[in-house]
Amino acid sequence: MMPTVIQIPSPVDPSAEGATPDRASEPAVSMAKAIQLRGFSAWYSAHQVLSAVDLDIAANRVCALIGPSGCGKSTLLRWMNRMNDTILGARASGSLHLHGLQVLSPDLDVVDLRRRVGMVFQKPNPFPKSIFDNVAFGPRLHRQYGRTDLEELVEQSLRSSALWTEVKDRLHRSALGLSGGQQQRLCIARAIAVDPEVLLMDEPCSALDPRSTASIEELIRELRETYTIVIVTHNMQQASRVSDTTAFFDEGRLIETGETDEVFTAPRERRTEDYVSGRFG
Amino acid sequence: MTAIAARAAAELAQRGRVRGVAFRRFYERLLHFGLLGLTLLSVLTTVAIIVVLVKESGGFFFMEGSEVTFVSFFTGTVWSPLLGAKPQYGVLPLVGGTVLVTSIAGLFALPIGLLTAVFLSEYASPRTRMLLKAILEVLAGIPTVVYGFFALTFITPYLLQPLSDRFGTYNAMGAGIAVGIMILPIVCSLSEDALRGVPQSLRDGAYALGSTKFDVTARVVVPAGLSGIVAAFLLALTRAIGETMIVALAAGGLAQLTANPAEQVQTMTAYMVQIFLGDAPANGIEYRSSYAVAMTLFAITFVMTWTGALVLKRYREEYE
Numbered sequence: 001m002m003p004t005v006i007q008i009p010s011p012v013d014p015s016a017e018g019a020t021p022d023r024a025s026e027p028a029v030s031m032a033k034a035i036q037l038r039g040f041s042a043w044y045s046a047h048q049v050l051s052a053v054d055l056d057i058a059a060n061r062v063c064a065l066i067g068p069s070g071c072g073k074s075t076l077l078r079w080m081n082r083m084n085d086t087i088l089g090a091r092a093s094g095s096l097h098l099h100g101l102q103v104l105s106p107d108l109d110v111v112d113l114r115r116r117v118g119m120v121f122q123k124p125n126p127f128p129k130s131i132f133d134n135v136a137f138g139p140r141l142h143r144q145y146g147r148t149d150l151e152e153l154v155e156q157s158l159r160s161s162a163l164w165t166e167v168k169d170r171l172h173r174s175a176l177g178l179s180g181g182q183q184q185r186l187c188i189a190r191a192i193a194v195d196p197e198v199l200l201m202d203e204p205c206s207a208l209d210p211r212s213t214a215s216i217e218e219l220i221r222e223l224r225e226t227y228t229i230v231i232v233t234h235n236m237q238q239a240s241r242v243s244d245t246t247a248f249f250d251e252g253r254l255i256e257t258g259e260t261d262e263v264f265t266a267p268r269e270r271r272t273e274d275y276v277s278g279r280f281g
Numbered sequence: 001m002t003a004i005a006a007r008a009a010a011e012l013a014q015r016g017r018v019r020g021v022a023f024r025r026f027y028e029r030l031l032h033f034g035l036l037g038l039t040l041l042s043v044l045t046t047v048a049i050i051v052v053l054v055k056e057s058g059g060f061f062f063m064e065g066s067e068v069t070f071v072s073f074f075t076g077t078v079w080s081p082l083l084g085a086k087p088q089y090g091v092l093p094l095v096g097g098t099v100l101v102t103s104i105a106g107l108f109a110l111p112i113g114l115l116t117a118v119f120l121s122e123y124a125s126p127r128t129r130m131l132l133k134a135i136l137e138v139l140a141g142i143p144t145v146v147y148g149f150f151a152l153t154f155i156t157p158y159l160l161q162p163l164s165d166r167f168g169t170y171n172a173m174g175a176g177i178a179v180g181i182m183i184l185p186i187v188c189s190l191s192e193d194a195l196r197g198v199p200q201s202l203r204d205g206a207y208a209l210g211s212t213k214f215d216v217t218a219r220v221v222v223p224a225g226l227s228g229i230v231a232a233f234l235l236a237l238t239r240a241i242g243e244t245m246i247v248a249l250a251a252g253g254l255a256q257l258t259a260n261p262a263e264q265v266q267t268m269t270a271y272m273v274q275i276f277l278g279d280a281p282a283n284g285i286e287y288r289s290s291y292a293v294a295m296t297l298f299a300i301t302f303v304m305t306w307t308g309a310l311v312l313k314r315y316r317e318e319y320e
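Going down the list, the protein sequences come from chains S and C.
Anchor point for the first sequence: position 161 equals 161 in the working numbering, and the numbering is continuous, going up by one each time.
Anchor point for the second sequence: position 90 equals 90 in the working numbering, and the numbering is continuous, going up by one each time.
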């Protein structure tokens, strides 16, 4: 695969210094910090969508990325597992460390990265296969397990995504027969079946009804024990309900980040306050 | 003054509107029945063809002095209507010839067509795709007589005969490959439509689990597009079965039951060409035999189309 990632230290941006490969002065990535961004910028062709973002995301916590449409939060999420590789003209600079991996490095094994970083999409996208085959897709891909193990693993993943009792009698029926909320939990089961370290969620509830949303939110709170979760959401209540930390983006810049309680109740920045209180966006 | 003018104008407009509504209604009805009539035209044509086929092939089986029965026709292994003291009408050699040529065409075109479609849909850059599709369209526009010519003057002498001297000038292999080339664009463009119809979200889902491009294609995109691919295959095979000009030119004229692709064979369609080009007097038993053959061919393609539709329906139900 052609590497689509090009490291471009931006000459105009002073904070892009972090992008220069000065490894000695870089702080060691501690295990508590699952994801660390320094001077991270991203473009689609000539259009810059993120400018010099510095952000730390702690392990085993839920981090919500919020901000108005077009602020770059989804782009950031899609760089964390290099899903932007499939988009023509997408590039980024700066550094993005994830559990010790240099995500932007052209030498990075993308397959390995994506096995370690699961992703749940805006609209549930189960494969047109049976429920079992959906969950078993990843493990089969990476040949992680034998046949009996596989059945156990599928059960475990479905239990972790709180779907097991609903589907245990119809594992070999099509996944497309499930409701939207069940499909989304199936996609979560599919993602955690490969035992990732990080789960990325791109507005996972935006296509769901309130009841399904509630069950997914509950699930997110449970999953945080095992995984580091980064969730993009447009729903302020959702961000405050499920996340431990919040990062607020506007016009491609990280405006404010901190504990969710603080960001919502005592924001330091005026723009954050306006946004979380619903005055714009 | 202005009030009067306004009232007059309103009155005129009102009258105009009433006439407009009546006219529109009439126009709509006219359009409706006109379109219905045109639709019925194609339905009537189909019915007329079936009636003629049934009537004429009935004439073949129940003709005075005819010794042909349904059993001897459908199970007979000798087809010699024009030669010999006693003509024999066993349709199996013709069916066998059609099956042999169609099988060769299918074995050639289905894998190549599907893999080309996979390349175009999943691997090629937009520019390459546009270029290759334009070339495929040219291929689709070539008259089939040219393919027949191509089989006779290129495929057989330059590709097949160097491999083995058992290939005659007319043989099933050359004709089969030419038919395969002819149906290649159908397989390819319909399969490509099926693959491109697979939502991008499914590809994203597979990539996000750590799939390589090959994994995404082989494990998600092709299985998800399978119903469309099967439909493409069936349509292409139906075209291959009905293909006439290529086999009339390149497959030979000897009706024999053989599985050897180096031999010459006669297909059902090629036999009909032979009869209607004047080898047999009208209304004789040979002449009518071609209607019986046509009926058989029609029955085969009908059953194939029907089975295909059934298979597709069942497959869809399973996944929705």
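Because the hints were derived from the structure by calculation, they are not lab data.
Owing to the predicted nature of the structure, the values given are computational and were not obtained by experimental measurement.
No residue lacks a Cβ here, since even glycine has one placed at the ideal position from N, Cα and C.
There's no promise every hint is true.
Stated by the list, open to error - As a list, the in silico SDA-like pairs of lysine to any residue whose alpha-carbon atoms are at most 20 angstroms apart:
#	chain 1	residue 1	chain 2	residue 2
1	S	123	C	312
2	C	213	S	109
3	C	313	C	235
4	S	123	C	235
5	S	129	C	235
6	S	129	C	228
7	C	313	S	123
8	S	123	C	311
9	C	213	S	155
10	S	168	C	12
11	C	213	S	174
12	C	213	S	84
13	S	123	C	228
14	C	213	S	143
15	S	129	C	226
To be verified - To spell it out: a stretch of chain C is covered by chain S in this simulated footprint if at least three of its residues, at any positions, have a beta carbon under 8 angstroms from a beta carbon of chain S; those stretches are:
#	segment
16	192 to 202
17	205 to 214
18	220 to 231
To be verified - With beta-carbon atoms standing in for the labels, derived distance ranges:
#	chain 1	residue 1	chain 2	residue 2	range
19	S	207	C	197	13 to 23 angstroms
20	C	201	S	274	28 to 38 angstroms
21	S	214	C	197	54 to 64 angstroms
22	C	306	S	165	40 to 50 angstroms
23	S	69	C	111	42 to 52 angstroms
24	S	274	C	309	52 to 62 angstroms
25	C	313	S	165	50 to 60 angstroms
26	S	122	C	133	26 to 36 angstroms
27	C	309	S	166	43 to 53 angstroms
28	S	89	C	134	22 to 32 angstroms
29	S	105	C	197	55 to 65 angstroms
Cross-check of the supplied hints:
no. : hint                                : verdict
1   : S:123 <-> C:312                     : violated (27 angstroms)
2   : C:213 <-> S:109                     : holds (14 angstroms)
3   : C:313 <-> C:235                     : holds (16 angstroms)
4   : S:123 <-> C:235                     : violated (34 angstroms)
5   : S:129 <-> C:235                     : violated (26 angstroms)
6   : S:129 <-> C:228                     : holds (16 angstroms)
7   : C:313 <-> S:123                     : violated (26 angstroms)
8   : S:123 <-> C:311                     : violated (30 angstroms)
9   : C:213 <-> S:155                     : violated (28 angstroms)
10  : S:168 <-> C:12                      : violated (74 angstroms)
11  : C:213 <-> S:174                     : violated (24 angstroms)
12  : C:213 <-> S:84                      : holds (14 angstroms)
13  : S:123 <-> C:228                     : violated (24 angstroms)
14  : C:213 <-> S:143                     : holds (17 angstroms)
15  : S:129 <-> C:226                     : holds (12 angstroms)
16  : 192 to 202                          : holds (count 3)
17  : 205 to 214                          : holds (count 9)
18  : 220 to 231                          : holds (count 3)
19  : S:207 <-> C:197: 13 to 23 angstroms : holds (21 angstroms)
20  : C:201 <-> S:274: 28 to 38 angstroms : holds (34 angstroms)
21  : S:214 <-> C:197: 54 to 64 angstroms : violated (34 angstroms)
22  : C:306 <-> S:165: 40 to 50 angstroms : holds (43 angstroms)
23  : S:69 <-> C:111: 42 to 52 angstroms  : holds (46 angstroms)
24  : S:274 <-> C:309: 52 to 62 angstroms : holds (59 angstroms)
25  : C:313 <-> S:165: 50 to 60 angstroms : violated (33 angstroms)
26  : S:122 <-> C:133: 26 to 36 angstroms : holds (32 angstroms)
27  : C:309 <-> S:166: 43 to 53 angstroms : violated (34 angstroms)
28  : S:89 <-> C:134: 22 to 32 angstroms  : holds (26 angstroms)
29  : S:105 <-> C:197: 55 to 65 angstroms : violated (36 angstroms)
The structure does not agree with the numbered hints 1, 4, 5, 7, 8, 9, 10, 11, 13, 21, 25, 27 and 29 stated previously, though it agrees with the rest.
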